[in-house]
Amino acid sequence: AQSVAQPEDQVNVAEGNPLTVKCTYSVSGNPYLFWYVQYPNRGLQFLLKYITGDNLVKGSYGFEAEFNKSQTSFHLKKPSALVSDSALYFCAVRDQTGGFKTIFGAGTRLFVKA
Amino acid sequence: GAVVSQHPSWVICKSGTSVKIECRSLDFQATTMFWYRQFPKQSLMLMATSNEGSKATYEQGVEKDKFLINHASLTLSTLTVTSAHPEDSSFYICSAVTSGADTQYFGPGTRLTVL
Numbered sequence: 001a002q003s004v005a006q007p008e009d010q011v012n013v014a015e016g017n018p019l020t021v022k023c024t025y026s027v028s029g030n031p032y033l034f035w036y037v038q039y040p041n042r043g044l045q046f047l048l049k050y051i052t053g054d055n056l057v058k059g060s061y062g063f064e065a066e067f068n069k070s071q072t073s074f075h076l077k078k079p080s081a082l083v084s085d086s087a088l089y090f091c092a093v094r095d096q097t098g099g100f101k102t103i104f105g106a107g108t109r110l111f112v113k114a
Numbered sequence: 001g002a003v004v005s006q007h008p009s010w011v012i013c014k015s016g017t018s019v020k021i022e023c024r025s026l027d028f029q030a031t032t033m034f035w036y037r038q039f040p041k042q043s044l045m046l047m048a049t050s051n052e053g054s055k056a057t058y059e060q061g062v063e064k065d066k067f068l069i070n071h072a073s074l075t076l077s078t079l080t081v082t083s084a085h086p087e088d089s090s091f092y093i094c095s096a097v098t099s100g101a102d103t104q105y106f107g108p109g110t111r112l113t114v115l
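Respectively, the protein sequence lines represent chains A and B.
Those letters in the first sequence? Residues 1 to 114, by my numbering.
Those letters in the second sequence? Residues 1 to 115, by my numbering.
Hints were generated in silico from the structure; no laboratory data involved.
Mixed in with the good hints, there may be bad ones.
[Stated by the list, open to error] Using 30 Å as the maximum straight-line C-alpha spacing, the simulated BS3-like pairs for lysine-lysine come out as follows:
id, chain 1, residue 1, chain 2, residue 2
1, A, 113, A, 58
2, A, 77, A, 101
3, B, 66, B, 55
4, A, 69, A, 22
5, B, 66, B, 41
6, A, 49, B, 41
7, A, 101, A, 49
8, A, 101, B, 66
9, A, 77, A, 58
10, B, 41, B, 20
11, A, 69, B, 20
12, B, 41, A, 22
13, A, 77, A, 22
14, B, 41, A, 113
15, A, 101, B, 64
16, B, 20, B, 55
17, B, 14, B, 41
18, B, 66, B, 14
19, A, 49, A, 77
20, A, 101, A, 22
21, B, 41, A, 101
22, A, 49, A, 113
23, B, 66, A, 113
24, A, 22, A, 49
25, A, 58, B, 41
26, B, 64, B, 14
27, A, 22, A, 58
28, A, 77, B, 41
[Unchecked claim] Derived coverage of chain A by chain B (criterion: at least 3 residues anywhere in the stretch with Cβ under 8 Å from a Cβ of chain B; other residues may be distant):
id, region
29, 23-37
30, 60-73
[Said to hold, decoys possible] Partner residues are not named here, just some residues of chain A that face chain B (Cβ under 10 Å, in silico):
id, residue
31, 99
32, 100
33, 103
34, 106
Please read these numbers as outputs of a predicted model, since none were measured by experiment.
Note that the Cβ used here is the ideal one computed from N, Cα and C, for glycine as well.
Chain B on its own, in the form it takes in the complex (with noise of 0.2 Å):
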């Protein structure tokens, strides 16, 4: 149980073209998603929390009109990194929880290359 997936797991992108990953929760209801961020051989930073139906809230520092977040059902998050540069090139992982829940499930991650 509490297998996250997403998609894809990598990609390779011209500069200043749109990417969407997504974030499936495969057999829970997620109510809440995260989106982290990791550079190589660096830790996860918190990008945005996601709650279903609702805004995202977006960690200080990270522009919500360049990676947009859409939580629109219990088991799908969005992240789309718009107009992207070679500078958004990283490791992006999501996680989620159920209500109540105190622990969070990772999907495998998505590698984004920008040239």
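Only chain A is shown next, with the shape it has when bound in the complex (with noise of 0.2 Å):
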């Protein structure tokens, strides 16, 4: 079966310094791996995705994310938060063999602080 960890309920971090929001995953076969933010009352938004290829990803505002097959990890980074980062943060995962569904993680609260 499926799972996603968000080991951190909430990450509180400086303005300008380096985030780190993390992620643990488990499938049967090999993932595909997926990062969302959410802002109050919103609907997801999609940030990055490994599929295959390079380890570490580029996504939307400056966000990465790094694939550790062997860790099984896909931790989201930015080398520099803003305040307007503030938001909560979902990892999801999908088996590239189970069709669509899609598992998400319970979420991690990233707080920027100015």
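Using the hints, put the two standalone chains together into the complex.
Rendered as structure tokens:
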């Protein structure tokens, strides 16, 4: 069965500092991995995805994530956080052989302090 | 590109009434659409998967007679909450994918409040 773990309910970081939001996953086959961001009372916005190829994936708004197969992780990173990055971040996984069913993590709330 | 809209963005209704929520893909053909439910401060829970022209596939524990899903065209899916009760109050989000694509695009969500 597929599962996603986001071990931190909340991450606090000062503006200008690097940020990391952690995600680990479990799938039976090869994974498709996604990061989405959600602002209050809004739907999810796509940030980036890993399908195959280079383990370092670059996405929207300066975010990037690194796929680590041995650690089954896909942590989201940004070199310099902005106050406007404060939001709820979801990691998601889909088994490449399992159709479109996507499992979402519980979400991590990011607070960036000015 | 890849814009998904939902209507209404919020709705308040009385207990016992039915509410219809529309999900539209504005600039692509959505062969598959998904309906999620999100409780406050929680993740998304997949309710059902709908493919254009066929019956929706519901996740375990989701009442198909209560949450009616119709995907009549490649750009429109509807979710009807029948005989709504206060416990149905939630944030409902749809997403859509097109054939051969690997990314879901999400609508802005609909907040349903049942009094």
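Hint by hint, here is what the structure shows:
The hinted pair formed by residue 113 of chain A and residue 58 of chain A meets the criterion: a straight-line CA distance of about 24 Å does not exceed 30 Å. Among the hinted pairs, residue 77 of chain A with residue 101 of chain A is consistent with the structure: their alpha-carbon atoms are about 25 Å apart, no more than 30 Å. Distance check on the hinted pair: residue 66 of chain B and residue 55 of chain B sit about 15 Å apart at the alpha-carbon level, within 30 Å; holds. Pair hint residue 69 of chain A plus residue 22 of chain A holds up; C-alpha atoms about 14 Å apart against a cutoff of 30 Å.
Restraint check for residue 66 of chain B and residue 41 of chain B: the C-alpha separation of about 24 Å stays at or below 30 Å, so the hint holds. Of the supplied pair hints, the one linking residue 49 of chain A and residue 41 of chain B holds, its CA atoms being roughly 24 Å apart against a limit of 30 Å. Taking the CA atoms of residue 101 of chain A and residue 49 of chain A, the gap is about 15 Å. The hint holds against a cut of 30 Å. A distance of roughly 22 Å separates the Cα atoms of residue 101 of chain A and residue 66 of chain B; the hinted pair therefore holds under the 30 Å criterion.
Between residue 77 of chain A and residue 58 of chain A the alpha-carbon distance is near 10 Å, which keeps this suggested pair within the 30 Å criterion. Of the pairs offered as hints, the one joining residue 41 of chain B and residue 20 of chain B holds, with about 24 Å between alpha carbons and a cut-off of 30 Å not exceeded. Straight-line distance between C-alpha atoms of residue 69 of chain A and residue 20 of chain B comes to about 43 Å, which puts the hinted pair past the 30 Å bound. Proximity of residue 41 of chain B to residue 22 of chain A is assessed by CA-CA distance (about 18 Å); at most 30 Å being required, the pair is judged to hold.
For a cut-off of 30 Å, the pair hint linking residue 77 of chain A to residue 22 of chain A stands: about 9 Å separates their Cα positions. Our distance criterion of 30 Å between C-alpha atoms is met by residue 41 of chain B and residue 113 of chain A, whose separation comes to about 21 Å. The hinted pair formed by residue 101 of chain A and residue 64 of chain B meets the criterion: a straight-line CA distance of about 18 Å does not exceed 30 Å. Pair hint residue 20 of chain B plus residue 55 of chain B holds up; C-alpha atoms about 17 Å apart against a cutoff of 30 Å.
With a CA separation close to 25 Å, the supplied pair residue 14 of chain B and residue 41 of chain B stays within the 30 Å bound. In summary, the hint linking residue 66 of chain B to residue 14 of chain B is supported, as the alpha carbons are separated by about 16 Å, within the 30 Å threshold. Taking the CA atoms of residue 49 of chain A and residue 77 of chain A, the gap is near 13 Å; set against the 30 Å cutoff, the hint holds. Taking the CA atoms of residue 101 of chain A and residue 22 of chain A, the gap is about 22 Å. The hint holds against a cut of 30 Å.
Among the hinted pairs, residue 41 of chain B with residue 101 of chain A is consistent with the structure: their alpha-carbon atoms are about 22 Å apart, no more than 30 Å. The suggested pairing of residue 49 of chain A with residue 113 of chain A holds, with an alpha-carbon distance near 27 Å, which does not exceed 30 Å. At roughly 43 Å between alpha-carbon atoms, residue 66 of chain B and residue 113 of chain A are farther apart than 30 Å, so this suggested pair is violated. Distance check on the hinted pair: residue 22 of chain A and residue 49 of chain A sit about 15 Å apart at the alpha-carbon level, within 30 Å; holds.
With a C-alpha separation of about 27 Å, the suggested pairing of residue 58 of chain A with residue 41 of chain B holds against the 30 Å cut-off. Using a Cα cut-off of 30 Å, the hinted pair residue 64 of chain B and residue 14 of chain B holds, with the two alpha carbons roughly 21 Å apart. Restraint check: the Cα-Cα separation between residue 22 of chain A and residue 58 of chain A comes to about 16 Å, which is no more than 30 Å; the hinted pair holds. The hinted pair formed by residue 77 of chain A and residue 41 of chain B meets the criterion: a straight-line CA distance of about 22 Å does not exceed 30 Å.
Coverage of the region 23-37 of chain A by chain B holds [criterion: at least 3 residues with CB-CB distance below 8 Å; count 3]. Look at the region 60-73 of chain A against chain B: 0 of its residues bring a Cβ nearer than 8 Å to a Cβ of that chain, fewer than three, so the hint is violated. Because the smallest distance between the Cβ of residue 99 of chain A and any Cβ of chain B comes to about 8 Å, under 10 Å, the interface hint for this residue holds. Interface hint status for residue 100 of chain A: upheld, as the beta-carbon distance to the closest one in chain B is roughly 6 Å, under 10 Å.
The criterion of a C-beta within 10 Å of any C-beta in chain B is met by residue 103 of chain A, whose closest approach is roughly 8 Å, and the hint holds. Evaluation of the residue 106 of chain A hint against chain B yields a held restraint, the C-beta minimum of about 5 Å falling below 10 Å.
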